[in-house]
Amino acid sequence: MTHEPLASHRIALALTLGFAMILRILPLQEGWGPFNPDWVALVILFWIFPVPERIGILWAWGVGLMVDALTGRLLGQHGLAYGVMAYLALLMRARFILLPLPIQSLWVLGLLSAESLLVLWTQRQELPAAMQFQYWYPVLTGALIWPFFLFILSGLTGVRHRP
Amino acid sequence: MRVRLDHKPFVVNGSALHIKLIICLVASLIVLAIENHLEGSGQRLPFSAVVEPVRQLVNGPARLFRKLSDYSAQQTDLVIENQRLREEALVLRGQQLRFDALEQENTRLRGLLDSTFKVGDQVLIAEPLSISLVPYENLIVVNKGELHGVRVGQAVVDGNGVVGQVLRVTSQTADIVMITDPSHATPVQINRTGLRTIAVGTGQTDRLELPYLPGNADIEPGDLLVTSGLDGVFPAGYPVARIPPRKEGQPVLQGGAVPMARLDHNRELLVVRTDSTPLQKAPADPSLRSNALESHDP
Chain A
32 MTHEPLASHR IALALTLGFA MILRILPLQE GWGPFNPDWV ALVILFWIFP
82 VPERIGILWA WGVGLMVDAL TGRLLGQHGL AYGVMAYLAL LMRARFILLP
132 LPIQSLWVLG LLSAESLLVL WTQRQELPAA MQFQYWYPVL TGALIWPFFL
182 FILSGLTGVR HRP
Chain B
193 MRVRLDHKPF VVNGSALHIK LIICLVASLI VLAIENHLEG SGQRLPFSAV
243 VEPVRQLVNG PARLFRKLSD YSAQQTDLVI ENQRLREEAL VLRGQQLRFD
293 ALEQENTRLR GLLDSTFKVG DQVLIAEPLS ISLVPYENLI VVNKGELHGV
343 RVGQAVVDGN GVVGQVLRVT SQTADIVMIT DPSHATPVQI NRTGLRTIAV
393 GTGQTDRLEL PYLPGNADIE PGDLLVTSGL DGVFPAGYPV ARIPPRKEGQ
443 PVLQGGAVPM ARLDHNRELL VVRTDSTPLQ KAPADPSLRS NALESHDP
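Each protein sequence line maps, in turn, to chains A and B. Counting in the numbering used here, the first sequence runs from 32 upward without gaps. Counting in the numbering used here, the second sequence runs from 193 upward without gaps.
Simulated from the structure, these hints should not be mistaken for lab results. Treat the hints with care, as some may be off.
Claimed, not checked - Each pair of labels, with its calculated beta carbon distance range: (1) B:256 <-> A:49: 18 to 28 Å; (2) B:459 <-> A:130: 45 to 55 Å; (3) A:85 <-> B:249: 48 to 58 Å; (4) A:137 <-> B:256: 34 to 44 Å; (5) B:225 <-> A:130: 46 to 56 Å.
Heads up, the beta-carbon is just placed ideally off N, CA and C, and yes, glycines get one too.
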């Protein structure tokens with residue numbers, strides 16, 4: 032393979048992941064908490080499309096375990112969810128990177144929905160009735176900010192998604 | 193440096209993907225099964241040390257901000273508050289003098305009735321960290337953990353009332369589920385009448401519900417609800433909530449109960465370590481009794 036080695040991006044990878052985790056548990060103002068997107072999932076998607084042979088399912092699984100520990104979930108919840116999400120992303124990688132950005136947002140909506148559904152499915156406690164809708168807000172906001180997210184991170188890290 | 197995509201195969205190797213997915217699924221299910229098995233005993237897989245720094249990092253700025261605002265407080269304000277706190281401490285200590293005598297009397301009386309009793313509560317001061325784990329869980333994360341003696345199931349109170357109980361513990365922090373969390377139910381007792389019921393969380397920090405009271409129960413606006421101690425988690429007698437004034441045209445119970453603890457604004461919390469090993473019976477001989485109490489480990 033004649034691409035640039037990943038080593039030069041390791042720092043960027045660690046930094047983006049670190050920031051995503053920080054943003055994930057940041058205490059937001061009273062009304063905004065439920066709208067905080069799953070930054071870690073977005074970062075995984077960001078890195079998985081350009082370098083799939085290094086950033087793959089097992090890597091996503093490991094990150095998922097860390098997020099589980101971070102948010103106090105059962106270990107393996109996000110591992111499963113991120114792993115499956117990574118699998119789905121890799122399956123459609125070829126088509127995805129050629130799509131225009133707004134359409135990409137729709138696919139990201141699907142991917143994040145799958146991920147959230149899996150976390151919900153492995154959850155020990157039922158969601159309270161009042162929170163049923165709120166649980167899906169991060170999926171919506173995540174899909175909405177995907178184009179901007181992609182743009183900003185591409186600019187910061189120098190990793191381009193499109194040929 | 194840009195990663196060039198046009199030299200990579202467009203389609204990632206399909207079978208390798210499937211194998212990895214299966215590995216991921218199996219590994220996740222194994223880990224989940226282990227965690228499910230452990231959760232009953234209150235332990236978790238020791239993974240949290242890895243992400244501990246992130247929690248501390250997120251909390252850092254909020255803590256710094258609080259410290260700065262403390263430093264910049266006016267001298268006069270501090271003097272006034274100091275005086276107020278001294279007076280409050282004096283009043284509380286005066287009340288405490290009677291408390292010791294009452295506790296002794298209670299111990300003696302219960303011994304006469306042949307009932308078991310707890311010897312005493314110890315408290316540990318903990319500070320809430322400014323992080324938000326999951327929006328739909330009413331959780332507080334505090335800066336004391338297993339190393340400081342915090343255990344799952346311990347009750348947490350603040351200066352005004354019950355806050356919640358310890359849900360999860362890491363070595364340095366603990367997650368506390370509040371009484372207002374929708375999945376949390378607190379056994380309470382109406383202080384005035386002794387009627388026992390259960391207060392359930394609603395997800396809102398200013399409201400608990402009392403769904404198990406019949407409509408004609410003897411309950412009034414202003415009534416205080418205290419812990420009944422029946423669950424073995426919350427020591428009996430701690431204030432939980434108060435019935436708010438009745439709204440026009442609504443039954444009393446419609447308004448629920450308002451938690452006494454300042455769940456939104458507390459800066460210090462107390463983790464209560466209850467010594468729940470019961471003494472069988474208070475010995476009849478007074479000198480024997482004092483020995484029995486002293487030799488008991490707190």
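Hints versus structure:
no.	hint	verdict
1	B:256 <-> A:49: 18 to 28 Å	19 Å, holds
2	B:459 <-> A:130: 45 to 55 Å	49 Å, holds
3	A:85 <-> B:249: 48 to 58 Å	26 Å, violated
4	A:137 <-> B:256: 34 to 44 Å	41 Å, holds
5	B:225 <-> A:130: 46 to 56 Å	38 Å, violated
Hint violations for this structure: numbers 3, 5, all remaining hints satisfied.
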